[in-house]
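Protein sequence lines correspond, in order, to chains L and G.
All residue numbers for the first sequence refer to our numbering, where the first residue is 1 and numbers rise by one.
All residue numbers for the second sequence refer to our numbering, where the first residue is 1 and numbers rise by one.
These are computed hints drawn from the structure, not numbers from a lab.
Cβ atoms here follow ideal geometry from the backbone N, Cα and C, with glycine treated the same way.
You may find that some hints are simply not true.
[Said to hold, decoys possible] Not the full set, but computed from the structure, chain G residues with beta-carbon under 10 Å of chain L:
(1) Gln36
(2) Val46
(3) Pro88
(4) Arg103
(5) Val104
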Amino acid sequence: MQAIAADVFKALSDPTRRAIFEWLAHDGEQTVHRLTARAGVSQPAVSKHLAMLKHARLVRDRREGRETHYSAQPRALAPLIDWMGHYGVFWRERFSRLEDLLNKIEK
Amino acid sequence: MNTPNPTTRSLVIEKDMPHPPEKIWRALTQAPLIGQWLMETDFLPVVGHKFTLRTKPVANWNGMVDGEVLAIEANQRLSYTWVSMGMPSVVTWTLTPGNGGTRVRMEHSGFPSEESASYKGASYGWQKFIASLERVAGGLDRP
């Protein structure tokens, strides 16, 4: 699970990959061709981005004839959504430890 | 005490503490003291200083943070980057004296601003992405 979370963060650390993911999430399944036209970068570059998104399980691919169709898998975003909850708990706990420490140490 | 900001996706914790700012400042900036409440660290209160914070790994988190000091105003304000699991963020502490004590404000802003993104259009920066995340992930259950 930890490895998967790291993969998701890494995959989404690139703005082009975030853009591709958003297109797929908002507009549904698309071919590599169509994504290449939208991204304005070469097809090999788009394929490489898609491979990273797929590795992080953020997209799924489907062969149909000569075309590969990609679709978003928003469930893979869960580790990112957990982020706020995780740090909320973390900092509240750290704040109380800070207060305990301040009560212990002198001026 | 704990308010997520929907536009910037930052986490803010604010608390009044019955201690002078100078004392709280020490706890925020001296490595041996930081180690007692936050995490083990080689932090130094010097702008540009790079440090690490380490604690025991827990589920979904390796317990490791890389940081760099961004801004320091003694006894008032401290800001550093917080990079964990490849995800960048910024932590800013603000101390305001008052009522015989100090208001301690910590803001952990989710993601850095667009400037760090190499993408020229900047329309797919982290901020926007995170803002749209909840729409995208509509059906997801929060744990």
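Checked hints:
| no. | hint | result |
| --- | --- | --- |
| 1 | Gln36 | holds (5 Å) |
| 2 | Val46 | violated (22 Å) |
| 3 | Pro88 | holds (8 Å) |
| 4 | Arg103 | violated (13 Å) |
| 5 | Val104 | holds (8 Å) |
In terms of the numbered hints stated before, the structure departs from hints 2 and 4, listed from lowest to highest.
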